[in-house]
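Construct the complete structure from the given sequences, taking the supplied hints into account.
Protein chains: 2
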Amino acid sequence: MANAGSRRTKFVLDEDRIPRAWYNIAADLRTAPPPPLHPGTHQPIGPADLAPLFPMALILQEVSTDREIEIPDPVREAYALYRPSPLYRAHRLEAALDTPAHIYYKYEGVSPAGSHKPNTALSQAFFNKQEGVKRIATETGAGQWGSAMSFAGAVFGLEVKVYMVRASYDQKPYRRILMETYGAEVVASPSLTTNYGRAVLAQTPDSPGSLGMAISEAVEDAATRDDTKYALGSVLNHVLLHQTVIGLEAQEQMAMAGEQPDVIIGCAGGGSNFAGLTFPFIGQMLRGEASYRIIAAEPEAAPSLTRGVYAYDFGDTGHMAPIVKMHTLGSDFIPEPIHAGGLRYHGMSPLVSLLKEDGLIEATSVHQRACFDAGVTFARAEGILPAPEPTHAIKVAIDQALEAREAGEERVILFNLCGHGHFDLAAYERHLAGTLEDYEYPAEKVTEALAALPRV
Amino acid sequence: MANAGSRRTKFVLDEDRIPRAWYNIAADLRTAPPPPLHPGTHQPIGPADLAPLFPMALILQEVSTDREIEIPDPVREAYALYRPSPLYRAHRLEAALDTPAHIYYKYEGVSPAGSHKPNTALSQAFFNKQEGVKRIATETGAGQWGSAMSFAGAVFGLEVKVYMVRASYDQKPYRRILMETYGAEVVASPSLTTNYGRAVLAQTPDSPGSLGMAISEAVEDAATRDDTKYALGSVLNHVLLHQTVIGLEAQEQMAMAGEQPDVIIGCAGGGSNFAGLTFPFIGQMLRGEASYRIIAAEPEAAPSLTRGVYAYDFGDTGHMAPIVKMHTLGSDFIPEPIHAGGLRYHGMSPLVSLLKEDGLIEATSVHQRACFDAGVTFARAEGILPAPEPTHAIKVAIDQALEAREAGEERVILFNLCGHGHFDLAAYERHLAGTLEDYEYPAEKVTEALAALPRV
Chain V
4 MANAGSRRTK
14 FVLDEDRIPR
24 AWYNIAADLR
34 TAPPPPLHPG
44 THQPIGPADL
54 APLFPMALIL
64 QEVSTDREIE
74 IPDPVREAYA
84 LYRPSPLYRA
94 HRLEAALDTP
104 AHIYYKYEGV
114 SPAGSHKPNT
124 ALSQAFFNKQ
134 EGVKRIATET
144 GAGQWGSAMS
154 FAGAVFGLEV
164 KVYMVRASYD
174 QKPYRRILME
184 TYGAEVVASP
194 SLTTNYGRAV
204 LAQTPDSPGS
214 LGMAISEAVE
224 DAATRDDTKY
234 ALGSVLNHVL
244 LHQTVIGLEA
254 QEQMAMAGEQ
264 PDVIIGCAGG
274 GSNFAGLTFP
284 FIGQMLRGEA
294 SYRIIAAEPE
304 AAPSLTRGVY
314 AYDFGDTGHM
324 APIVKMHTLG
334 SDFIPEPIHA
344 GGLRYHGMSP
354 LVSLLKEDGL
364 IEATSVHQRA
374 CFDAGVTFAR
384 AEGILPAPEP
394 THAIKVAIDQ
404 ALEAREAGEE
414 RVILFNLCGH
424 GHFDLAAYER
434 HLAGTLEDYE
444 YPAEKVTEAL
454 AALPRV
Chain X
4 MANAGSRRTK
14 FVLDEDRIPR
24 AWYNIAADLR
34 TAPPPPLHPG
44 THQPIGPADL
54 APLFPMALIL
64 QEVSTDREIE
74 IPDPVREAYA
84 LYRPSPLYRA
94 HRLEAALDTP
104 AHIYYKYEGV
114 SPAGSHKPNT
124 ALSQAFFNKQ
134 EGVKRIATET
144 GAGQWGSAMS
154 FAGAVFGLEV
164 KVYMVRASYD
174 QKPYRRILME
184 TYGAEVVASP
194 SLTTNYGRAV
204 LAQTPDSPGS
214 LGMAISEAVE
224 DAATRDDTKY
234 ALGSVLNHVL
244 LHQTVIGLEA
254 QEQMAMAGEQ
264 PDVIIGCAGG
274 GSNFAGLTFP
284 FIGQMLRGEA
294 SYRIIAAEPE
304 AAPSLTRGVY
314 AYDFGDTGHM
324 APIVKMHTLG
334 SDFIPEPIHA
344 GGLRYHGMSP
354 LVSLLKEDGL
364 IEATSVHQRA
374 CFDAGVTFAR
384 AEGILPAPEP
394 THAIKVAIDQ
404 ALEAREAGEE
414 RVILFNLCGH
424 GHFDLAAYER
434 HLAGTLEDYE
444 YPAEKVTEAL
454 AALPRV
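So the sequence lines, in the order shown, correspond to chains V and X.
Numbered by this note's numbering, the letters in the first sequence go through residues 4 to 459 in order.
Numbered by this note's numbering, the letters in the second sequence go through residues 4 to 459 in order.
Keep in mind that a hint or two might mislead.
One copy or any two copies: either way a pair holds, since identical chains are not told apart in the list.
[Unchecked claim] Lysine to any residue pairs mimicking SDA-like chemistry, simulated, CA-CA at most 20 angstroms apart: (1) K13 with I74; (2) K175 with R433; (3) K132 with A98; (4) K137 with I62; (5) K13 with E80; (6) K175 with E432; (7) K13 with P77; (8) K328 with A35; (9) K132 with L56; (10) K13 with E255; (11) K137 with D173; (12) K137 with A99; (13) K13 with V113; (14) K13 with A83; (15) K175 with E80; (16) K175 with H425; (17) K137 with H425.
Derived by calculation from the structure, the hints in this document are not laboratory data.
In structure tokens, the structure reads:
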């Protein structure tokens with residue numbers, strides 16, 4: 004649905020156009036989401052089960068079926084530090100590809116932490132603060148989420164403790180220093196500060212850690228301290244909810260551009276940036292108001308939506324988190340060390356999984372070298388250096404644009420550029436030097452891991 | 004001149020408000036700028052002397068006295084990748100300082116290269132391309148300018164060769180990789196690719212290099228190849244001219260805010276970001292239309308405006324560049340290794356120097372630890388992590404805000420946040436660990452260096 008229009012590069016909105024409410028897709032779903040189960044009893048869990056970990060406002064958002072959930076003024080004021088984020092028309096990328104397609108991207112790298120993660124970190128920090136919480140415990144792998152939560156803690160006056168996977172802690176000091184500059188306390192996980200961490204270290208003193216271990220440490224920290232709650236950066240309903248500001252703004256900006264997208268693309272690990280852009284558009288589809296092609300771009304090394312099963316599974320390796328129905332490769336499955344650390348997750352958010360099951364979205368998986376090629380092409384055309392995660396979306400967007408060239412059609416493509424790659428240049432160096440590896444889909448490992456699904 | 008107004012955080016402009024012309028302060032100067040002299044003959048140089056290094060369009064801009072110089076459409080289109088840049092009201096910093104002052108900052112870190120440098124890099128790339136130049140040779144110290152020129156080369160289809168000071172090349176690989184991702188060729192200087200580099204290496208095989216040496220290599224490269232010109236990132240009149248988009252936009256944005264600044268602050272090394280913000284305001288002063296207090300913030304380790312002499316001196320260590328009249332600490336003076344690499348320069352742009360001499364601007368010098376303290380305060384309040392260079396402007400802005408608190412006055416403060424610090428986190432780590440050093444003003448070294456001023 005292309006429109007001639009003038010050559011405009013960016014569509015910017017004043018801060019009074021920051022959305023006043025998040026969009027809750029639960030209100031429009033065709034199928035009710037299967038309930039999360041208690042990891043011990045396998046019975047549906049209620050708000051009380053989650054109270055040690057989350058403030059009540061977030062627990063209620065997790066289960067709400069209201070279509071709109073108001074964004075409190077202090078959160079909108081904090082959003083104004085970087086929102087509304089710009090929507091770009093990628094004129095130079097289109098020219099480089101010699102395509103009649105119109106390519107648009109929403110750019111979330113303008114946030115101080117450099118990705119979409121602050122959209123929920125600020126919201127979570129606010130609701131915790133409002134309920135008297137003094138301190139947040141959380142985990143981080145490569146550091147995107149930890150940076151966002153540290154920034155949000157500085158904004159709302161909360162102490163933040165980040166359990167950072169030991170391997171990243173040692174190899175990626177810049178992200179750690181950024182968190183510390185925001186005032187957070189960062190410790191390598193496994194650490195000596197939790198029972199779980201001590202137990203791991205007693206057995207494996209040189210453990211490189213894993214996201215699963217770090218989650219366990221942060222959960223233990225929060226569950227054992229009255230002043231502390233836990234925060235998670237993806238997967239959960241309320242996290243995806245907070246990210247819908249991305250899509251709500253994009254709808255207004257596409258209207259400014261006088262076009263509607265034919266295809267909407269986001270990379271998907273836990274699902275939060277994908278959901279943030281697409282849910283408001285999918286809502287229109289669910290309400291019969293519009294029709295779009297929606298594509299989740301996954302890494303070939305962790306293709307939960309494209310190759311996993313839709314089943315009840317644990318969200319964490321330690322089997323302490325609720326059991327949820329989702330697309331999964333098995334909670335014991337550990338993806339190969341691709342540089343898109345944010346996409347190295349065995350499962351997928353239950354809401355995104357349900358939409359895939361209901362046929363509202365498609366998924367495709369891509370290899371990391373092709374993604375970095377797409378990232379370099381993008382950087383040379385548009386200037387912005389993308390993080391490894393959104394290069395997956397860029398790769399699929401470029402494929403769409405080339406397909407449109409073959410078909411000779413003015414396809415309108417919209418994707419989410421969820422963060423910049425300023426802390427990922429070591430990966431670009433490896434790519435430019437030709438030493439980056441592709442990892443084939445590990446069918447056997449997945450088969451093994453899926454054999455251990457919980458019987459519910 | 005404060006105004007109550009509503010609580011707005013950002014003032015954004017649509018891309019059709021990108022200025023259509025640069026502001027040339029030469030049109031309004033009270034004193035004519037002393038002519039640059041040939042380094043060999045000590046005679047005034049003309050356009051022909053510069054032709055081997057620069058395209059004629061830039062040489063004409065260098066000597067123009069037209070008040071407005073039109074920005075070509077392709078440059079405005081490239082600017083649209085990140086301009087107009089936002090103007091922020093620092094509500095959270097004001098609250099943290101408990102000051103009645105209103106603090107505004109113009110944020111240039113939104114450019115793909117992360118600083119104000121692309122404002123001139125894109126312009127220089129365009130004018131070179133227009134005159135058939137195929138290749139640009141340039142130097143870079145810490146890498147801000149090299150990144151900007153590499154980005155600009157990618158945008159306008161020019162090959163870029165960057166001579167990067169060896170010490171930075173080894174210690175700051177991320178900036179190098181960013182340049183390479185944009186497609187530039189980066190070589191450690193001194194290199195084996197120039198006569199000058201080979202001569203240095205023959206004498207000192209393990210030379211860590213210096214900005215002076217790297218300039219000499221880039222100049223030799225450009226002067227000895229027909230397809231190549233040279234590009235410089237600060238100091239020269241045409242470079243400062245291109246940066247005036249910053250101040251022109253800021254004037255429009257301050258009008259949106261309904262306020263006029265009382266004090267305007269920029270950090271100053273070669274002078275380009277300082278000039279970019281302040282020249283359009285100083286132009287109003289020169290024309291008798293307004294009155295502002297204008298402050299250049301210098302590092303105590305290289306305080307050319309505050310402690311140097313106003314005299315004819317060489318711009319480079321190798322004494323190959325024109326001799327210009329400026330505030331200088333002597334071309335043999337090598338500043339201590341402060342982290343604000345962009346401020347480690349012995350001289351100051353001739354135009355900024357002249358304005359200081361004519362009493363239109365003030366200058367003050369600050370120590371780096373106090374600047375990093377200011378940077379951390381700023382990051383925790385406003386989210387954005389500043390580069391070490393603009394922490395000098397932040398420090399002076401905070402001092403102004405605290406002074407306003409003492410005086411109980413609603414002083415309106417505007418400063419230039421010329422870049423982010425995503426590639427400078429090692430310096431923040433040292434600061435947070437308390438191992439950063441302050442360097443006293445090196446009076447003796449300066450006295451020695453000034454004894455070697457050219458006799459003209």
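Here is what the structure says about each hint:
no.: 1; hint: K13 with I74; verdict: between (25 angstroms within a copy, 19 angstroms between copies)
no.: 2; hint: K175 with R433; verdict: both (15 angstroms within a copy, 16 angstroms between copies)
no.: 3; hint: K132 with A98; verdict: between (48 angstroms within a copy, 18 angstroms between copies)
no.: 4; hint: K137 with I62; verdict: within (18 angstroms within a copy, 60 angstroms between copies)
no.: 5; hint: K13 with E80; verdict: between (23 angstroms within a copy, 10 angstroms between copies)
no.: 6; hint: K175 with E432; verdict: both (15 angstroms within a copy, 13 angstroms between copies)
no.: 7; hint: K13 with P77; verdict: between (27 angstroms within a copy, 15 angstroms between copies)
no.: 8; hint: K328 with A35; verdict: within (12 angstroms within a copy, 76 angstroms between copies)
no.: 9; hint: K132 with L56; verdict: within (14 angstroms within a copy, 59 angstroms between copies)
no.: 10; hint: K13 with E255; verdict: both (13 angstroms within a copy, 19 angstroms between copies)
no.: 11; hint: K137 with D173; verdict: neither (28 angstroms within a copy, 43 angstroms between copies)
no.: 12; hint: K137 with A99; verdict: between (51 angstroms within a copy, 19 angstroms between copies)
no.: 13; hint: K13 with V113; verdict: both (13 angstroms within a copy, 13 angstroms between copies)
no.: 14; hint: K13 with A83; verdict: both (18 angstroms within a copy, 7 angstroms between copies)
no.: 15; hint: K175 with E80; verdict: neither (31 angstroms within a copy, 36 angstroms between copies)
no.: 16; hint: K175 with H425; verdict: both (12 angstroms within a copy, 13 angstroms between copies)
no.: 17; hint: K137 with H425; verdict: neither (31 angstroms within a copy, 29 angstroms between copies)
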